[in-house]
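Q: First to last, the protein sequences are chains A and B.
Numbered by our numbering, the letters in the first sequence go through residues 4 to 201 in order.
Numbered by our numbering, the letters in the second sequence go through residues 309 to 513 in order.
In case anyone wonders, no lab produced these hints; they're calculated from the structure.
Careful, some of the hints might be misleading.
Unchecked claim - Cross-link-like lysine-lysine pairs, in silico, DSSO-like; alpha carbons within 30 Å at most:
(1) A:Lys113 to B:Lys464
(2) A:Lys187 to B:Lys367
(3) B:Lys349 to B:Lys465
(4) A:Lys189 to A:Lys113
(5) A:Lys191 to B:Lys367
(6) A:Lys189 to B:Lys474
(7) B:Lys349 to A:Lys117
(8) A:Lys129 to B:Lys490
(9) B:Lys435 to A:Lys175
(10) B:Lys473 to A:Lys129
(11) B:Lys490 to B:Lys367
(12) A:Lys155 to B:Lys490
(13) B:Lys323 to A:Lys129
(14) A:Lys155 to B:Lys435
(15) A:Lys51 to A:Lys35
(16) A:Lys129 to B:Lys474
(17) A:Lys86 to A:Lys187
(18) B:Lys470 to A:Lys129
(19) B:Lys474 to B:Lys323
(20) B:Lys473 to A:Lys117
(21) B:Lys465 to A:Lys117
Note that the coordinates shown come from a computational prediction; the quantities given were computed from them, not determined experimentally.
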Amino acid sequence: MYQIHKELLLMGGFMVSMNPLYENPSNISQIKDLFKSNEKLPSIKLPKFFSDYDKIKLPANFKKDSHPIHFSYSVAVQKDLEKFLSSKQFLDFVLKITGKKLKFHSKLIKLDWKDYSIINDDAIEKPGFDVIIDFSSNWNDEGGSIVYTDGKGETFFIPAEPNNLVLVQRKKGVHRFYQYVNHKAKGKRLFLIGISYI
Amino acid sequence: MSLEQWVNPKYLDQKNRKSLKSKFIANTPFEHLELTDFFVKQKAAMLLESLSKEQFFEKESDLFKFLQTNDMASTSISLLQEFHALLRSNEFIELMQDLTGLKLKNSIDLAGNIYQDTDFLLCHDDKLEGRKIAFLIYLSDMSPKDGGQLNLFDSKKNLPDKVAKKIVPKFNSFTFFKVSPKSFHSVGEVVSDTQRITFNGWFHG
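Isolated chain A (complex conformation) (with noise of 0.2 Å):
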């Protein structure tokens, strides 16, 4: 554990750690297991993963995004929890879980009233892996879901669950995108998506 806090701090910044029952052998051989027990969209809801959800500072400033036929959002970059999706300790969770080595890309979005991405045919994404981590509070559920598709039925949501970890791998055929929020929506919808294309 002194080895893993040790690179840690040698990054920089504030020290993100993960839930310490998520370093224990016997949770992650289940998890994995779990992981991997939908077929179809193999994933995994890791709820309460930051030991130090509360301290995680968020930025105040978002720049917005839009291209209307594919999304609208606001984007930030966190420059500690960037190094926590490229640290050892989690790529060598996501490891175990997935069998996969994976290197993640990150950004913060925020959806606020209006915001939304399409499943486009124009702009299909490549099959990956997702790793989603929840900040937002209060949220009243008006739109705002991650879902997951396979065009044929089958949809998988992720609402709003602060410091959740979601893990997501998109196989060919499933797509992602962020339901409209719609008037009614309260509170704060963030999240983090690192995205890993194979």
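Position chain B relative to chain A; hints supplied.
A: The following block gives chain B in isolation, referenced to the frame of chain A:
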């Protein structure tokens, strides 16, 4: 059944058809027309009443959320059967050809739609094999504060840019546009209890 029984006579006048066609072609951000008081008043009222008897189904995806009927080709309501036959009749197709300058077939898609509070349709271009003209027949009145407007986007390099025109639903108006690589449009979210009720569909060619 004849056009004169259904359609406001000012839209059947040959001189007016030519003038409207010029407007259709010249309109921006892409070819479209809005024709108010399109149907004979009584017929418009009967359409709304008949449509209210149809079964509507919830439709939801990444792109939209609204209520929709099955295609009117399968309706058992006699007035709606007559309406469906009217829209694909030689006379009506000829009218649409005169108003748009486009060659059309006697083939349409037609369904009823209702958008309720929080329903929406995000930006897209309607492109699909065979679709030449997209149309809406509005059967409710809305104000700008209700939402539900038809947004027409301008485009740059065949991608939508900004909303260039907003069409607020007005009872008994007939709006249609040419389906093309730049016919990007959306329906703004309804933000009140006022329902946005329409027939919509496509003329094929």
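Q: If a hint holds in the structure, say so; if it doesn't, say that too.
A: Quick rundown of the hints versus the structure:
1. A threshold of 30 Å between alpha carbons decides the hint, and for A:Lys113 with B:Lys464 the separation of about 27 Å falls inside it, so the pair holds.
2. Taken as a hint, the A:Lys187 and B:Lys367 pair is honoured in the structure, with Cα atoms around 20 Å apart against an allowance of 30 Å.
3. Under the criterion of a C-alpha separation no larger than 30 Å, the hint pairing B:Lys349 with B:Lys465 is inconsistent with the structure, at around 42 Å.
4. For the suggested pair A:Lys189 and A:Lys113, the alpha carbons sit about 13 Å apart, so the restraint of at most 30 Å is met.
5. Simply put, A:Lys191 and B:Lys367 have alpha-carbon atoms about 27 Å apart, close enough for the 30 Å limit, and the pair holds.
6. For the suggested pair A:Lys189 and B:Lys474, the alpha carbons sit about 27 Å apart, so the restraint of at most 30 Å is met.
7. For the suggested pair B:Lys349 and A:Lys117, the alpha carbons sit about 36 Å apart, so the restraint of at most 30 Å is broken.
8. The hinted pair formed by A:Lys129 and B:Lys490 meets the criterion: a straight-line CA distance of about 27 Å does not exceed 30 Å.
9. Restraint check: the Cα-Cα separation between B:Lys435 and A:Lys175 comes to about 24 Å, which is no more than 30 Å; the hinted pair holds.
10. Distance restraint check for B:Lys473 and A:Lys129: the Cα-Cα separation of roughly 35 Å exceeds the 30 Å cut-off, and the hinted pair is therefore not satisfied.
11. For the hint pairing B:Lys490 with B:Lys367, the CA-to-CA distance comes to about 25 Å; that is within 30 Å, so the pair holds.
12. Simply put, A:Lys155 and B:Lys490 have alpha-carbon atoms about 29 Å apart, close enough for the 30 Å limit, and the pair holds.
13. Proximity of B:Lys323 to A:Lys129 is assessed by CA-CA distance (about 55 Å); at most 30 Å being required, the pair is judged violated.
14. With a C-alpha separation of about 21 Å, the suggested pair A:Lys155 and B:Lys435 falls inside the 30 Å cut-off, and the hint holds.
15. Annotation: proposed proximity of A:Lys51 to A:Lys35 holds, straight-line Cα distance about 18 Å (limit 30 Å).
16. With a C-alpha separation of about 36 Å, the suggested pairing of A:Lys129 with B:Lys474 is violated against the 30 Å cut-off.
17. Using a Cα cut-off of 30 Å, the hinted pair A:Lys86 and A:Lys187 is violated, with the two alpha carbons roughly 35 Å apart.
18. Restraint check for B:Lys470 and A:Lys129: the C-alpha separation of about 29 Å stays at or below 30 Å, so the hint holds.
19. Taking the CA atoms of B:Lys474 and B:Lys323, the gap is about 28 Å. The hint holds against a cut of 30 Å.
20. Restraint check for B:Lys473 and A:Lys117: the C-alpha separation of about 18 Å stays at or below 30 Å, so the hint holds.
21. Only pairs whose Cα atoms come within 30 Å are accepted, and B:Lys465 paired with A:Lys117 is accepted, the gap being roughly 24 Å.
In summary, the numbered hints that this structure violates are 3, 7, 10, 13, 16 and 17.
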